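Residue numbers (the numbering used here), protein chains in the order written: chain A, 1 to 221; chain B, 1001 to 1221.
Take these hints with a grain of salt, some might be off.
Result set (DSSO-like, lysine-lysine): computed pairs, CA atoms no more than 30 Å apart in a straight line [as the list claims (entries may be wrong)]:
#	chain 1	residue 1	chain 2	residue 2
1	A	27	B	1069
2	B	1207	A	45
3	B	1069	A	166
4	A	166	B	1123
5	A	25	B	1069
6	A	123	A	25
7	B	1166	B	1069
Source of the hints: derived by calculation from the structure; they are not laboratory data.
For clarity, every value in this text was computed on a predicted model and none was experimentally measured.
Protein chains: 2
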Amino acid sequence: MSETEFQPTERSTIHRLPSRGIYDKAKVYEVLDQGILAHVGFATKNGPVVIPMGYARRADSVILHGSAKSRLLTYLSQGADVCITVTLVDGLVLARSTFHHSMNYRSVVVFGHSQVITEPSEKDAALEHLVEHLVPGRGADARGADEGELAATLVVEVPISDASLKMRTGPPVDETRDLEIDIWAGVLPLRLETGELIADEHTPADKPVPGYLLDYPAGRS
Amino acid sequence: MSETEFQPTERSTIHRLPSRGIYDKAKVYEVLDQGILAHVGFATKNGPVVIPMGYARRADSVILHGSAKSRLLTYLSQGADVCITVTLVDGLVLARSTFHHSMNYRSVVVFGHSQVITEPSEKDAALEHLVEHLVPGRGADARGADEGELAATLVVEVPISDASLKMRTGPPVDETRDLEIDIWAGVLPLRLETGELIADEHTPADKPVPGYLLDYPAGRS
């Protein structure tokens, strides 16, 4: 792959509505960096399985982690082909015909082969990166992983071999003959929003909420 | 499977933190009925692929659809093993140690074998059901699919053979020794919220917004 573009391959090429397919690295990474949840797909002898996971992009890789007791992480740590998909939902597109109803979204599909990170300081760095991706600023506050916790955690890295971004934006696109239909048409925007913070019972009532939580960016999803 | 419970099978059994695994049909369907986006995984000769799709549950099946020109829908219409995962993100769990950071969520994983719906009136009914799932009330307003649109659409049904719900709720669970750490800990709730409706350019300025859009339920995601 080039420095700034992913090379479309047979599996990453977007055939349907190719105008929606984007291989620009900066645009692909922007979506990966905004998302907080990935859906990770892998093959098992009983068929395909898709599991939601926290993740973080680091350079040209995606980092995943989980318990050393997890079947999935054990499988990934042995090296496996995976597909990692991150989708941000931006709105419902309400057309005049049911046929032209749609969704506004940005979705990145990443393909790669997982490899385990075993060296403790590298595992620690990857886990710190994961926390910083999820909640920027939190890593400086919370206690980092100790030796036992590192040993109890499997961390894998998936170098991105192919990736693409598919998106839809804007108003509905109706048939000309339908424009006369007397119906409201347009977009209902959707985005992930934060609710009111809930301190746990061990947090003193006068403990200030850190700024990185008060300002948690809307729209991450 | 029984009337009210899915039978845990080898692939649907939740091994890690089994207390988080729920096979109760009503609880599984509640999540499927709240979600609007599924991540659909399937095997290809080049490895696993995960694609985001609109969907709807109907009785003990999940309905998917797409263009007759879509590679994915063509593949699914020929009958394929699929995994359909729907995840609702409920919040970030901020513990005192990075190790105990987590996410509150509800995630349903469905396994099944897809089968195409070809009979036009059955296709039409399935598509109407999809629109009603996404935007209850819209089906009565919008123009339904005509013969050409039905022919241009592939509709598949995936009878649910196994399914399970995994969820996490509540505050962080910290080590006792960490409770003295002077840091705010708790939950940052997250949920999908609607933004301000955007009428398209063909909608008259005085056209009232339908109630089903004004009252679109928060938290669907």
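query = Regarding the pair residue 1069 of chain B and residue 166 of chain A, is the alpha-carbon distance no greater than 30 Å?
reply = OK: residue 1069 of chain B and residue 166 of chain A at ~17 Å, within 30 Å.
query = Taking only the CA atoms, is the gap from residue 166 of chain A to residue 1123 of chain B under or equal to 30 Å?
reply = OK: residue 166 of chain A and residue 1123 of chain B at ~27 Å, within 30 Å.
task = Measure nothing beyond the straight line between the CA atoms of residue 25 of chain A and residue 1069 of chain B; if it is 30 Å or shorter, mark the hint as holding.
result = holds (27 Å)
ask   = If you draw a straight line from the CA of residue 1207 of chain B to the CA of residue 45 of chain A, is it 30 Å or shorter?
value = Violated, because 55 Å separates the two Cα atoms, which is more than 30 Å.
inquiry  = Checking one constraint from the list: CA of residue 1166 of chain B to CA of residue 1069 of chain B, max 30 Å. Satisfied?
reply    = Answer violated: residue 1166 of chain B to residue 1069 of chain B is near 35 Å, above 30 Å.
task = Would you check the hint for residue 27 of chain A and residue 1069 of chain B, treating anything up to 30 Å between C-alpha atoms as holding?
result = holds (26 Å)
message = Can you confirm whether the C-alpha distance between residue 123 of chain A and residue 25 of chain A stays at or below 30 Å?
response = It holds: about 26 Å lies between the C-alpha atoms, which stays within 30 Å.
In summary, the structure is inconsistent with hints 2, 7 from the numbered list given earlier, while agreeing with the others.
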